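Peer 1: Line by line, the protein sequences give chains A and B. The numbering used here numbers the first residue of the first sequence as 2 and each following residue consecutively. The numbering used here numbers the first residue of the second sequence as 2 and each following residue consecutively.
By construction, these hints were calculated from the structure, which means they are not laboratory data. If you're wondering where the values come from, they're calculated on a predicted model, not measured in any experiment. A hint or two may mislead.
[To be verified] Distance condition first, Cα-Cα at most 30 Å in a straight line; then the derived BS3-like pairs of lysine-lysine:
1. A:12 / B:196
2. B:61 / A:12
3. A:12 / B:195
4. B:140 / B:158
5. A:163 / B:74
6. B:210 / B:61
[As the list claims (entries may be wrong)] Which chain A residues stay away from chain B? Per the calculated CB distances, all over 12 Å, these:
7. 17
8. 43
9. 79
10. 80
11. 89
12. 90
13. 128
14. 148
15. 184
16. 189
Beta carbons are placed, not taken as given, at the ideal position from N, Cα and C, and that holds for glycine.
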Amino acid sequence: MELLGLDVLFKGSNAMRLLQGLGVAVEISVISVIISLVLGMLFGVFMTWKNPVARVISRIYLEIVRIMPQLVLLFIVFFGATRVMGLNISAELSSIIVFSFWGVGEMGDLVRGSLESIPKHQYESAAALGMNKAQIYYHIVIPQAVRRLIPMSINLVTRMIKTTSLILMIGVVEVMKVGQQIIEANRMASPNAVFGIYGTILLLYFLVCWPISMLARHLEKKWSN
Amino acid sequence: MRKKLLGIAAVAAALALAAFVLTGCGGSASSSASAAASGSAAGAEAGSGAGVFRTLDEIKDSGKIVIGVFSDKHPFGYVDEGGEYAGYDVELANRLAQDLGVEVEYVSTEAANRVEYLETGKVDVVLANFTVTDERAQKVDFANPYMNVALGVVSHKDNVITDLSQVGDGEVIVITGTTAETYLTENNPEIKLKKFETYANAKTAFENKEGVAWANDNTEVIAFANGAEGYTVGIEELGSLDTIAPAVSKGNTTLLEWINEDMAKLGAEKFFHSDYEKTLLDVYGADYEETLVVEPGQAAK
C-alpha cells in the first residue's frame, strides 16, 4: 500500500473528495455532451446546405473550433467576457459553454460527413419510388447516417470527458485538481502518492468512459446485422 | 476555382476573428509580453469605467470576501484531508476575514492565472505565495510583504558549498524554467549546469551525486535538506531578495489600505511568527524562521 502510495486515499475524506471531483467533471461533460449532440445534429444539417452564406458561416465556426486550443477558449469565456463586456460568468458555466461550443462544431462536422456519405443514387431511387423529402430522410438517410456516426461521436464524447481536466485552470475543483491537492498535501509524508492518486484517477476516467465505449460497440453490432 | 477561393476567404476570416478575439481580451495566455501589455491597458479601462473590483465597503456589505489561494502548494496553501483549506497563506486569509468581520470564500488559483483573477475582479485578494515583481506591480497592487524568498543552494554534507566559487569543475543541478536557472546563466556563466525538467528528476540525480550542489528557491532546498539525511543548505540566500505579499486589483485603494493597516497590527502581535510555527515549522525547522518571516510594519531586514 505504502509503496504504491495508496495509503493517502484512506486518510480523512480523501477518497470521497476524489469521487466528488469526478462528479463535477462528469456533470459538466454530460451537460455539454447533451447540448453538443442535439445542436450538433442541427448544425450538421445546416452544414450540408449549398447556400454560400451558410457555408462561410459554418466554415468559419468550424475553423475557430479547430484552431483554438480549448484552454484559450476557456480563458476567453471566463476572463475575457468579464474584461470586454463586464459579464461575470461562473467557472462551471464557462466550462459548459466552451465544451458545448467545441462539441457542436465537431459533432456538426461528423453529422455532415455521414450525411454526405449516403450516395446520391439512394436519394434519387427513393424519390423515384414516390417518397417525399421527409420520408427519404426518415426511412433512408437518417438510419444509415446515424450508424456511421456512432463510432466517431463516441470518440468525441470520451475526448470531451477527458478534456475536462483543463477546467482546473479556471478554478473548477474537479477530479484532477483534487488529485493534485492530495498529492501535494502529502508530498513529505508519502512521496509515492503520485502513483497511487494518478493511478486511481486513471481508473476513474476509465470507469466513466468504458461503459460508453461498450454501448457504442453494442449498438454497432446490433445494427450491422 | 470559386470553391477554393471561398475556402481561403473563410479561413482568412476565421483567423482574423480569432486574432480579434485574442487581442480584444488580451493576456488570455497571460505570459507573453505583448498580450500582457494589451491586457493591462484593457484592465485599466475597465477599472476606470464600471469598476472591476469591489471596494472595502462593498465587501463588508456583502458579508463575504473572495480570496484566491493555492490549493496544492503545501505548506503555503493546500487542502487537508478533511477538505479544508490550510497553510501559511490561508492562516493569514482567515485572519483578515475575521478582522473584517466577514465570511471567507476560497478560490483555487494557479500560478499562471493569479494576475488575471485580480484584473477581472473575480477575487478580492490573492494570497497565493505571490512574489512581488515590477512586472506584476504594473497590473495589480501589492500590500506590504509578509515573507522573504531568495535562491538557495544545497550540497552534500561531505562537500558543503558555501560560496559559488567553490563549485569549481563540478556541476550545479537546476530545474529548467526556474529562477535559479535564469540567475545562474546570467550571473555565473562559468558554472556548469545540469538541467532537469522536473523536481523529481533533479532530486534523484542530486541524491545520486550527479552534481556537487542543487540550486532552487530557498524554501524548496531548505525543505529538501530538512527532509533527508546528509545534506546542508550552504547558501541560504543568493541573488536578489524577493518578498511575498497580498495583492488586490489595481486601484482598489480602500481594500489595500485596510489590509496594510490590519497587517501592521498583526505584525505588532507577531502573528506571522506564530503562523510560521503553526504551518511551516514542520517543513523548514526553527532555524529558518528569521530568514523567511517578515512582520509587516516592522523594520525590514
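Peer 1: Take the hints in turn and mark each one as holding or not.
Peer 2: Status of the hints after comparison with the structure:
| no. | hint | result |
| --- | --- | --- |
| 1 | A:12 / B:196 | violated, 35 Å |
| 2 | B:61 / A:12 | violated, 37 Å |
| 3 | A:12 / B:195 | violated, 37 Å |
| 4 | B:140 / B:158 | violated, 43 Å |
| 5 | A:163 / B:74 | holds, 24 Å |
| 6 | B:210 / B:61 | violated, 55 Å |
| 7 | 17 | violated, 8 Å |
| 8 | 43 | holds, 20 Å |
| 9 | 79 | violated, 8 Å |
| 10 | 80 | violated, 5 Å |
| 11 | 89 | violated, 7 Å |
| 12 | 90 | violated, 10 Å |
| 13 | 128 | holds, 26 Å |
| 14 | 148 | holds, 29 Å |
| 15 | 184 | violated, 7 Å |
| 16 | 189 | violated, 6 Å |
Checked against the numbered hints given earlier, this structure breaks hints 1, 2, 3, 4, 6, 7, 9, 10, 11, 12, 15, 16; the rest are met.
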